[in-house]
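Engineer: Listed here are the chains, written in short residue letters.
Protein chains: 2
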Amino acid sequence: MNNFAFVNPVKILFGKGMISEITKEIPLQTNILVIYGGGSIKKNGVYEQVTNALKGYQWFEFSGIEPNPHYETCMRAVEFIKQKNIEYVLAVGGGSVIDATKFIVAASCFDEGDPWRILADPTVVIKKALPFGTILTISATGSEMNTYSVITKNETQEKLSFSSPIVYPKFSVLDPSVTYSLPPVQTSNGVIDAFVHVIEQYLTYPVNGLLQDFMSESILKTLIIEGPKALKDPKNYDVRANLMWASTWALNGWIACGVPQDWSTHMIGHELTAFYEIDHAQTLAIVLPGVMEVLKEEKKDKILRLGREVFSLQADSIDELIKDTISAVESFFHSMNCKTRLSDYNLGEEAINRISERIEKRGWQLGEHQNIKSQEVKKILELRK
Amino acid sequence: MNNFAFVNPVKILFGKGMISEITKEIPLQTNILVIYGGGSIKKNGVYEQVTNALKGYQWFEFSGIEPNPHYETCMRAVEFIKQKNIEYVLAVGGGSVIDATKFIVAASCFDEGDPWRILADPTVVIKKALPFGTILTISATGSEMNTYSVITKNETQEKLSFSSPIVYPKFSVLDPSVTYSLPPVQTSNGVIDAFVHVIEQYLTYPVNGLLQDFMSESILKTLIIEGPKALKDPKNYDVRANLMWASTWALNGWIACGVPQDWSTHMIGHELTAFYEIDHAQTLAIVLPGVMEVLKEEKKDKILRLGREVFSLQADSIDELIKDTISAVESFFHSMNCKTRLSDYNLGEEAINRISERIEKRGWQLGEHQNIKSQEVKKILELRK
Chain D
0 MNNFAFVNPV
10 KILFGKGMIS
20 EITKEIPLQT
30 NILVIYGGGS
40 IKKNGVYEQV
50 TNALKGYQWF
60 EFSGIEPNPH
70 YETCMRAVEF
80 IKQKNIEYVL
90 AVGGGSVIDA
100 TKFIVAASCF
110 DEGDPWRILA
120 DPTVVIKKAL
130 PFGTILTISA
140 TGSEMNTYSV
150 ITKNETQEKL
160 SFSSPIVYPK
170 FSVLDPSVTY
180 SLPPVQTSNG
190 VIDAFVHVIE
200 QYLTYPVNGL
210 LQDFMSESIL
220 KTLIIEGPKA
230 LKDPKNYDVR
240 ANLMWASTWA
250 LNGWIACGVP
260 QDWSTHMIGH
270 ELTAFYEIDH
280 AQTLAIVLPG
290 VMEVLKEEKK
300 DKILRLGREV
310 FSLQADSIDE
320 LIKDTISAVE
330 SFFHSMNCKT
340 RLSDYNLGEE
350 AINRISERIE
360 KRGWQLGEHQ
370 NIKSQEVKKI
380 LELRK
Chain G
0 MNNFAFVNPV
10 KILFGKGMIS
20 EITKEIPLQT
30 NILVIYGGGS
40 IKKNGVYEQV
50 TNALKGYQWF
60 EFSGIEPNPH
70 YETCMRAVEF
80 IKQKNIEYVL
90 AVGGGSVIDA
100 TKFIVAASCF
110 DEGDPWRILA
120 DPTVVIKKAL
130 PFGTILTISA
140 TGSEMNTYSV
150 ITKNETQEKL
160 SFSSPIVYPK
170 FSVLDPSVTY
180 SLPPVQTSNG
190 VIDAFVHVIE
200 QYLTYPVNGL
210 LQDFMSESIL
220 KTLIIEGPKA
230 LKDPKNYDVR
240 ANLMWASTWA
250 LNGWIACGVP
260 QDWSTHMIGH
270 ELTAFYEIDH
280 AQTLAIVLPG
290 VMEVLKEEKK
300 DKILRLGREV
310 FSLQADSIDE
320 LIKDTISAVE
330 SFFHSMNCKT
340 RLSDYNLGEE
350 AINRISERIE
360 KRGWQLGEHQ
370 NIKSQEVKKI
380 LELRK
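Residue numbers (numbering that gives the first Met the number 0), protein chains in the order written: chain D, 0 to 384; chain G, 0 to 384.
Just so you know, same-sequence chains aren't split out, so a pair can sit in one copy or run between any two.
Within a straight-line C-alpha distance of at most 20 Å, the following computed EDC-like cross-link-like pairs (lysine to aspartate or glutamate) qualify: (1) K295 with E319; (2) K126 with E24; (3) K220 with E308; (4) K126 with E86; (5) K322 with E296; (6) K127 with E86; (7) K299 with E329.
FYI, nobody ran anything at the bench for these hints, they're computed from the structure.
Isolated chain D, as found in the complex:
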């Protein structure tokens, strides 16, 4: 096991009806901004629960955060915050709203030039941010219990990320029942996103982190068992609760402690979203089987473990077990009604070249061994046509 230092101070309020508990977390006489997305919270009862809870507080709202939230939109929120002297932010939504909020609370306190630097300049250290809590409405990104944020600059089609302990939410409300009304594609995307989050922290090379391996497998198995059930029976509380809890755990940092991490599938996937606006999870489902195939020698031990422990596979040879495990992953994506080929989105050679050229230009070296360069990205995507 590798050395590590880690803390995750996010308070979780989990369960049906827990939105009303936020008043215990936000000091009264605080000037609050409620940030949300396209208005689905007005249809599923969440907006009403939030406004009921906030009776007695002074609060404003800022809506219109889009999926793959735009820098430009975030900066309008920053302006609003400064204008209204906002002291506390409440993010109500899925990963996009929470990611946007993390950037907004940091940018609101940023005094070292253009806030785009928070995303684009790796030397920037964020020193201050407004406090914020979240009310999660989609199980997917884990943003409700981590420090990560991914923001897209619309103008230049760049999708970049940042991370800082300063932007841990103070609390996150996880009420599984608010996910009953999600469109099936969002349920599916969420399960796949969480699945690939775990894979990025698990499918590397062994460092004898036995508990981390078992815990990662715990999350993967939960997603595989409960994911398809949520599509068939979307109002099953226990299924929604297990998926919500599993997706939070997929990226709250604990399974990454002491083990190597990959993240190449995400980095390649981000480019597919930036150029072609394919849903984030759908890009992961396209890319991951290719990463597994191209990196199968280096990732062999872990692919075999994934096959045996998570998919209960057995095979006559190691090669066969690797092949079966990659197929099992792709089949799982299909069982979530998710397509896994570039051609399913009418993409081909042109997209492959465009993405690998951009990665070439950036000089990226991805993966746990930093050996996935533009050449390898091309190879990965060629397999996914």
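Based on these hints, arrange chain G on the given structure of chain D.
Structural biologist: Just chain G now, kept in the frame of chain D:
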């Protein structure tokens, strides 16, 4: 899954050589008290590492915390703290030293009468405590990442506990290599203690907390795989690291979220320690198989799950699988060179009566259904003669 609210803000510094990192966590110009036990830290190099790290700080030391730490000893430390205007405490040791430190930092700030009330009066709410960090030297209790403390009043042979979020350590250093020199009995006790911690939060009745079940099983499997290896190969870093991490996770609160808890084995075990000074873990190994046998109807679903998922057992009938699972648990304790019968400690009817009478007098109703009273305790202990 049940509703819950939970946060665990303890920062973990994990790995070889991490003791030197404590200077990043404790503000300079702080008046520190280092609390430790019987002096084993002077033999295994930990004391030296701590004193090296604390160069430049103003610090004092208080030693002599005993196993099953005494209230009387703790109160001497409280006096010392007041005398020297201590501002920060560093606990260096295992669960006993850390439990003692939690009580000491709370009692030092307690101004509502006799500090014994912190343990004995359930209406007391702790409002303040000195900040403290820990350097763990024994993998066992999980005290390094939770809010629990168990203290024994020597005078009256009472062993009582308290818990408060105020006594979360600010940080805990987990360096597996400092456990290389532990006597085998302490390695064994630690593994069994952690095992039973998980069992108390897992072996109840199902609430469809699928991820919690898988995570609990992850910890149990890690302990079963690595525990006996640590006895054979005590200086194997990976084995020690997995055991240290597993025992922290066994009681850091996360696997208890949203599920029922038992704790009857601990409550009965505490009495065996209070009256007869049997090591804490050894009492658990005596009591648990009895609890499983007497409660086997109510705990059936979870006992079967334990047998299948953790011990990979199969059997022709449910009754047989339950029997085999209870045997497997007892065999695991034996594989850790731990005895499991009252008679192994020359105890019998007299001890059984003494303990069940005390539980009768206290009116305790133990277990996840609060239905284990003195009668059932007697039945449990009769099976363990």
